[in-house]
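Chains as they are written, first to last, in this note's numbering: chain A, 52 to 230; chain B, 52 to 230.
Treat the hints as calculated values from the structure; they're not laboratory data.
Computed from a prediction, not measured in an experiment: that's the story for all the values here.
No incorrect hints appear here.
Because identical chains share one entry, a pair is satisfied inside a single copy or across any pair of copies.
Simulated pairs of lysine to aspartate or glutamate, DMTMM-like, Cα-Cα distance not exceeding 20 Å:
#1 K80 x E188
#2 K80 x E148
#3 K80 x E136
#4 K80 x E140
#5 K80 x D133
2 protein chains.
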Amino acid sequence: MSSHPHSFSRFCMHCGQRLTTAVPEGDTKRRLVCFDCGFVHYINPRPVAGVIPVREDGHVLLVRRAIEPREGAWVFPGGFMDLGETAEEAARRETQEEANLEVGELNLLGVYTRPGPGVVVIVYEAPALSEPSPGAECSEVGWFASDRIPWGELAFDSTQAALRDWALRRGIQVPELPV
Amino acid sequence: MSSHPHSFSRFCMHCGQRLTTAVPEGDTKRRLVCFDCGFVHYINPRPVAGVIPVREDGHVLLVRRAIEPREGAWVFPGGFMDLGETAEEAARRETQEEANLEVGELNLLGVYTRPGPGVVVIVYEAPALSEPSPGAECSEVGWFASDRIPWGELAFDSTQAALRDWALRRGIQVPELPV
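My request is simple: use the sequences and hints to build the entire structure.
Take a look at the structure:
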């Protein structure tokens, strides 16, 4: 079962009639289909873009979530991409919105899928260029030395996996973590 | 204007009533909103996963598209991610479906956004492990030496950008191309 919002779709968004499920011609899986207008309602995972901002002394910036899910946990800035923007633009916008922080050149770190909620997290690393402060949906910002990352208080498995890759790329020891 | 299929949404997929547009509380942009059930219909870009398969001699595998858009053009195997699978699983599945090809370890090459249709293309490089043949939606498969890539006959700007990054990473000269 998925918690993706479109998993709960019942009506055709084009004509408003009730959806049913069927395997469309040329497809191999059951999809939500409208027998009135013919629209096949594919459910796509949703891309999220985020940034691990790094200060000159090697500390990384995390923000404390002020909203559910995982209120109170630490995460790097990131959020859902909007239509019309690139992954890089979304990553910068979210870093500005959540941490009031400008970052320099983005360096792709990895792509982390969370199959349950149907989210694909695209993560960049970038140098921090300004002083951060808590923005929308955050209660606190914090700089963490690479050996002080709060591994037990991170928001998502994708947060843990990306920070782990970031640390390993720099040759930094990371604790054994449940995946 | 976007050609994303959800740009044409007119009805709420949860309750079937007509959608309208409004700026939801805490948001800054106009969204499709249902005043009957309160659902906010965010339109997300759709993630695609693909692989540039590489043979031992350094040739890359491309497939010729047998469907629109860009029928007849060359592209590396790839397609829309399904809900419940990871980006890596989607990339392997599409390579199997389109080129009947198994590939080895996936190495993330880049992420390329196509803002017009609202598509985010996640591209891996991987060693080819079997002999390919044309699969679903393809008319032909071809191995191309790095200096024989058909730059003028590639399907999408993301195809060109990913192959360009792949070539540059290997220190291979690429022609000046319109972006």
